[in-house]
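**Student:** If you want the building blocks of each chain, they are given just below.
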Amino acid sequence: MEYLVHILILIGIYIILSVSLDLIAGYTGLLSIAHAAFYGVGAYVAALMALKFHSPFLVNIVCAVVLSGLLGALVGIPSLRIRDDYFVIATFAFQVITFSVLNNWVSFTGGPMGLPGIPQPTVFGLKISSHLGFLILVGILCALTMSVTQRIVRSPFGRVLKAIREDEVFAQAAGKNVAAYKVFVFVIGAGMAAVAGVMYAHYINFIDPTSFTVMESIFILSIVIIGGAGSLWGPVVGAVVLVILPEALRFIGLPSSVAANLRQIIYGGLLVAFMMWRPRGFLGEYAFQGKEAQE
Amino acid sequence: MGDYSQLVANILISAAGIFIFAVALLLAYRVGGMLNFAYGALLTCGAYSALVLKNYCAFPVFAAAAVGVIVTVGLGCTMENYVFRVLRRKGASSLVLLLASLGLYISLVSIIAMVFGEGSKTLRSEMVSEGIAVLGTRITLPQMLAMATSVILVICLPLFLRYTRIGRAALALASDFDLARIAGIHTERVRLYITAIAAGLAGVAGVFAGFDRNIIPTMGMSALMAGIVTVVIGGGRSIAGVALAAMALGVLQNLGAWAMSAQWENTVTFGVLLAFLLVRPEGVMGKRLTKATV
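If you read the sequences in order, they're chains L and R. Numbering of the first sequence is given in this note's numbering, commencing with residue 1 and proceeding in unit increments. Numbering of the second sequence is given in this note's numbering, commencing with residue 1001 and proceeding in unit increments.
Keep in mind the hints are simulated off the structure, nothing from the lab. One or more of the hints may lead you astray.
To be verified - Restraint ranges, calculated between C-beta atoms of paired labels, are given here: (1) I1070(R) - L245(L): 31 to 37 Å; (2) F251(L) - S1120(R): 28 to 34 Å; (3) G175(L) - S1120(R): 54 to 60 Å; (4) V5(L) - D1178(R): 55 to 61 Å; (5) V5(L) - F1116(R): 33 to 39 Å; (6) V258(L) - I1155(R): 45 to 51 Å; (7) E1118(R) - S107(L): 45 to 51 Å; (8) A1183(R) - A248(L): 50 to 56 Å; (9) S1120(R) - Q289(L): 38 to 44 Å; (10) P1060(R) - W277(L): 33 to 39 Å.
Just so you know, even glycine gets a beta-carbon here, dropped at the ideal spot from N, CA and C.
Generate the whole structure from the sequences, applying the supplied hints.
**Tutor:** What follows is the structure, given as structure tokens:
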């Protein structure tokens, strides 16, 4: 039962991560492998504030969201000048730099040793100490994230995002401030990812940079793609499938190192398979059509 | 004096290693029309194949290296034929190709990790690692071979591209694909040949890395990072550009290790990349790319 709760919490965290990346990559068409950077910044800000200032949990979340949002804006700005492939590289650069900073600024972030002993969160006077309590908190945040996303994508703002994805030049010609929308969607996505980071930090009570690498970014992206980019429930399906997969493997009795690699093999393989036969994933709307590579 | 010449030697050695892999990426990018992360897996495959042949099949070192490269070429051509060619035929965008290559990278590297474990290994042996004293520096045989290979590449590859039939076909393909098709160029065959060359280069880079540094499953990612930065900064068009960029990166990495801790190497490298992308996305020797051409 404890185990089930643990899985559900992880699924919840990844739902928040993938839905937020879906806004950026699926709805706006800005493929980004920087998401783990936003996730990590959120986690570290919350952890550092809780450990050094003992500030209240809600203050920590707000600060994490704001700072991550700022990083998001930074990442969004290059998207105005560079197209597709090169933009992915730019997000790659941001991800690597962020990881480097987290890993090497030992005096501030603890470097590879990480930050242990992160206290449990206290929301509105209630201390969340049991896993079940945590699950409820994550569940609430999940629902919140999804409803915010739903409101965004069904609004005029969301329509412009999709327009940017489908034909950016046309959207610009129609008078939309494409630049502002792009930066804004990154800020929102980054902020949401930060919330997931805060949850992660307070759940595991220990964070280190290895949870926020390029590979993690690629994993979140895979969830979005396999689940279905450009849809509300696609990322949810993706998160459920890709989180349960390695756990299911562990049940067959495989040693956990083999299981970890097998999980990577499977999700790498799924990525290739989906790209070849169903690029829009399970429930997706967007198949990364973009410009056709020359056949 | 000896200190400086070792530094220069190290710069040249770093640049050589980066250059070989970056050329492979450049070929894949220009002829394949995509940023191909799978080449990181090819590099890793080269290193591990050579390792297996040397340690488990009792091949002499250089034979192991050569066959390792051949295995890598085989793998590269297989991927090209069964994944990328199929995707292109379906009209996949460069983003889809990129994602597929990412998936391939992840699966292949994880298979290697599962089979060989995460621990580091090496192709080095005592004889090789001691190095030979040259002009006040110590350089190992593989390092010298790497530098020699780079020099040969930088001279011969442009000649190959300009003066052989396949080379010219590849240039035509990279320059204007549809026109190349119309002119009767068998684009799929040309792509396969170039992929073979590029995969071979990636394998060679992997083997050299196997001698010079440790062989670990994630070695491909570091190579990809350096390679991508090099290709972008070099302009993404010419081999000369890549060569210049590789030198610059070699300087950056070695001076950086001197001036500050080696850990910040990646930050500096990618900071430079970002600066280039923002200020001069076409790199040092590239052409300005427009967002849309009517």
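**Student:** Is 54 to 60 Å right for how far apart the beta carbons of G175(L) and S1120(R) are?
**Tutor:** Between G175(L) and S1120(R), where Cβ atoms are some 57 Å apart, the hint holds.
**Student:** Between S1120(R) and Q289(L), does the C-beta distance stay in 38 to 44 Å?
**Tutor:** 42 Å, holds
**Student:** Given a hinted range of 45 to 51 Å, is it respected by the beta-carbon distance of E1118(R) and S107(L)?
**Tutor:** Violated, at about 29 Å.
**Student:** Is the hinted range of 31 to 37 Å satisfied by the C-beta distance from I1070(R) to L245(L)?
**Tutor:** Holds, at about 35 Å.
**Student:** Per the hint of 33 to 39 Å, is the separation of the Cβ atoms of P1060(R) and W277(L) within bounds?
**Tutor:** Because 44 Å falls outside the window, the suggested range is violated.
**Student:** Look at the Cβ atoms of A1183(R) and A248(L) and judge whether their distance stays inside 50 to 56 Å.
**Tutor:** Check passed, 53 Å falls within 50 to 56 Å.
**Student:** Okay, V5(L) versus F1116(R) on CB: inside 33 to 39 Å?
**Tutor:** 36 Å, holds
**Student:** Starting from the range 45 to 51 Å, see whether the pair V258(L) and I1155(R) falls in it by beta-carbon distance.
**Tutor:** At 47 Å between Cβs, range holds.
**Student:** Just to be sure I understand the hint, the distance between the Cβ atoms of F251(L) and S1120(R) should be within 28 to 34 Å; is that true here?
**Tutor:** 31 Å, holds
**Student:** Is 55 to 61 Å right for how far apart the beta carbons of V5(L) and D1178(R) are?
**Tutor:** The hinted range 55 to 61 Å holds for V5(L) and D1178(R), with Cβ atoms some 57 Å apart.
The structure does not agree with the numbered hints 7, 10 stated previously, though it agrees with the rest.
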